[in-house]
Amino acid sequence: MIDKFVPDVAAALAGIADGSVILLPGFGNGMAETLAAGLIAQGARNLTLVANSGGRDTGPVADILASGHVARLICSFVRADSVAGRLFGAAKLELEIVPQGTLAERLRAAGAGISAFYTPTGADTLLAEGRETRIIDGRNCLLEYPLPGDVALCDAWEADRWGNLTHRQSARNFNPVMAMAAKMTIVQTRHVIALGDIPPENVHTPGVFVHRVVHVPA
Amino acid sequence: MTFRPLDRAAIAARIAQDIPEGWFVNLGIGIPTGVSDYVPNDREVIFHSENGVIGAGPAPAPDKIDPYLVNAGTQHITLRTGGSFVHHADSFAIARGGHLDLCVLGAFEVAESGDIANWARAPDEPVKQVGGAMDLAIGAKRLWVAMEHTTKGNGGSRIRKLCSYPLTAKGVVRRVYTDLAVLEVTPRGFLVVEMIPGMTREGLQERSEAELHWS
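So the sequence lines, in the order shown, correspond to chains A and B.
Residue numbering for the first sequence is 1 to 218, as defined by the numbering used here.
Residue numbering for the second sequence is 1 to 215, as defined by the numbering used here.
Just so you know, these hints were derived from the structure itself, not from any lab.
Built from N, CA and C at the ideal position, the CB exists for glycine as well.
Some hints could be false.
[As the list claims (entries may be wrong)] Have a look at the derived ranges for each label pair, beta carbon to beta carbon:
(1) B:Gly198 <-> A:Ile114: 35 to 41 Å
(2) B:Gly153 <-> A:Arg131: 49 to 55 Å
(3) B:Gln17 <-> A:Ala194: 32 to 38 Å
(4) A:His191 <-> B:Arg4: 53 to 59 Å
(5) B:Pro62 <-> A:Arg131: 29 to 35 Å
(6) B:Pro197 <-> A:Pro148: 29 to 35 Å
(7) B:Asp66 <-> A:Ala17: 47 to 53 Å
(8) A:Ala17 <-> B:Asp18: 50 to 56 Å
(9) A:Phe117 <-> B:Phe3: 32 to 38 Å
(10) B:Glu44 <-> A:His215: 48 to 54 Å
(11) B:Asp18 <-> A:Asp3: 53 to 59 Å
(12) A:Gly19 <-> B:Gln17: 53 to 59 Å
(13) B:Pro20 <-> A:Gly130: 53 to 59 Å
(14) A:Asp81 <-> B:Pro62: 23 to 29 Å
Extracted from the complex, chain B is given alone in its bound form:
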């Protein structure tokens, strides 16, 4: 039997299905940014952007771009009716103070204990892209991760017993959405709650370094 991994937009769309009306949500850079495109307009979800935007809306039409309004990826956005602006210390009080119902981050790796690694591939790498990830990871009421199940290069698994890359935070991830499956992080480790059509338990386990649980 064959299977077809979800593309990045489809992962984002899958996550959007699980975000209920009324949640206050921060979306990280990468796959998570696309999630808001799949939340229907009549479902009121408030998106936070850590540069101080509460109520971030979709990209503007090209003739409506305002250079004074960007998101955390410095992309041009709009403000939803009811939205507001705060300064950076207040914006991170939102992130660190437990006011976000959900944060969705991209990652290099997630461990079965809920550890996340998403800012550097090696301790001495000159790329040090911490940004707001460490604050969001420890502060949101729930942290979900969106990422491909395996690496593009050698097909190594991003679903780990222990992270091999420098940690962003320990024991914080609640759920992982990959191109192959949805996994809950439980006290026993990864619990598979959903697989894409055509994927088998054996096939998913082969692509996961950590042991998977099924019930």
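The shape of chain A in the complex, shown without the other chains:
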């Protein structure tokens, strides 16, 4: 019997190694806060964190960064007035800024086995300095590589024991694409659903992209 449920957060996060690339979905909602807090306690260090935003003064991303366990942050957006902005300003955090659509597409490429792609996004900007560009169809384009994760910490509204997921409203955001881009996808779900009770047409992230699920009631 396939059963991806684990009893608690510690079991969900067991084995995350130092130096891992951690994918953390979320955009105003849809972030696995309990797993994010658990990651700090789990203790892996020298991590690369991939998230849409560098966060603020408080909240899951800020807390992970403040723990000192992250060496490198890959995101689309950093506020000066934030833990991320201050750590970067003090040269205590490496930062890679990636346009949000390129971030999503690099994750998708990692999950889909695409070796690289060209996009006009960012091609005429500072982000393209020293990198390979090419005129395609009359337009300057920038070469981008996949962004695979070792671990994704995902949020779901519902999950069954195969790891099939639904995400509520805009909480879907990066969850499906980060789930497919990681070697080990760990999910916290608000609700546990019997296998077969999520209508098949309504599965947003299929269980084939999911490895462990922990129930975290609201």
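Given the coordinates of chain A, work out where chain B should sit on it, guided by the hints.
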């Protein structure tokens, strides 16, 4: 003769006048966010929010807030009837794949070639607020900009020959709505299509670093 610059809401209202029924539109953060408030309910315009919302609607009543539904500015919103949700890669396929009829972005500067600068004031600034702007700027069928004509600090013009801030994208802006005027970006440069009451050609040119054209 005196003139009174439009406030930010009035710029948003002016832009809303030019959005026809049936368009699929992304509104950036800042002045553009207000545009949807001025599109009448009986004009069906579909608003996209890059966190995966198709059919974003107005803010909910305080007792109807759903924490699971936000826009790209992480403000609470509602979903219009007919709306749907997609994940981030699909949402940016919408933005980058040419599916948006219009994107309206805020900006620090626009150049006469259509270049836009809106994410950093200096290359080494710790504020690096790219977000989805570079994707939206290259991907939408049309890009309009909403911004004040001059800076608050020293009154320097945001209407430039060349942008002085780091670029978001090159040669993409089609139209600029400021607190003083509406300008089209043409192969010759900025063409003034409208000025606020009381503004003169000389007065607008004085407030513009780029040369303005009038016909």
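Hint-by-hint comparison with the structure:
About 56 Å separates the C-beta atoms of Gly198 (chain B) and Ile114 (chain A), a value inconsistent with the hinted range of 35 to 41 Å. For the hinted restraint 49 to 55 Å between Gly153 (chain B) and Arg131 (chain A), the CB-CB distance of approximately 34 Å leaves it violated. Our hint of 32 to 38 Å for Gln17 (chain B) and Ala194 (chain A) is violated, since their Cβ atoms are close to 53 Å apart. As the Cβ distance of His191 (chain A) to Arg4 (chain B) is approximately 55 Å, the hint placing it in 53 to 59 Å holds.
Pro62 (chain B) and Arg131 (chain A) have their C-beta atoms about 47 Å apart, which leaves the hinted 29 to 35 Å range violated. Judged by the Cβ atoms, the range 29 to 35 Å given for Pro197 (chain B) and Pro148 (chain A) is violated: they are separated by roughly 57 Å. The hint said 47 to 53 Å for the Cβ distance between Asp66 (chain B) and Ala17 (chain A), and at roughly 38 Å that hint is violated. Taking the beta carbon of each, Ala17 (chain A) and Asp18 (chain B) are about 55 Å apart, inside 50 to 56 Å as hinted.
Taking 32 to 38 Å as the suggested C-beta distance range, the pair Phe117 (chain A) and Phe3 (chain B) does not conform, at roughly 49 Å. The hint said 48 to 54 Å for the Cβ distance between Glu44 (chain B) and His215 (chain A), and at roughly 41 Å that hint is violated. Checked against the hint of 53 to 59 Å, the pair Asp18 (chain B) and Asp3 (chain A) passes, with Cβ atoms roughly 56 Å apart. In this structure the supplied range 53 to 59 Å holds for Gly19 (chain A) paired with Gln17 (chain B), their Cβ-Cβ distance being about 55 Å.
Separated by about 43 Å at the C-beta atoms, Pro20 (chain B) and Gly130 (chain A) break the suggested range of 53 to 59 Å. For Asp81 (chain A) and Pro62 (chain B), the hinted distance range of 23 to 29 Å is satisfied, since their beta carbons lie about 27 Å from each other.
The structure does not agree with the numbered hints 1, 2, 3, 5, 6, 7, 9, 10 and 13 stated previously, though it agrees with the rest.
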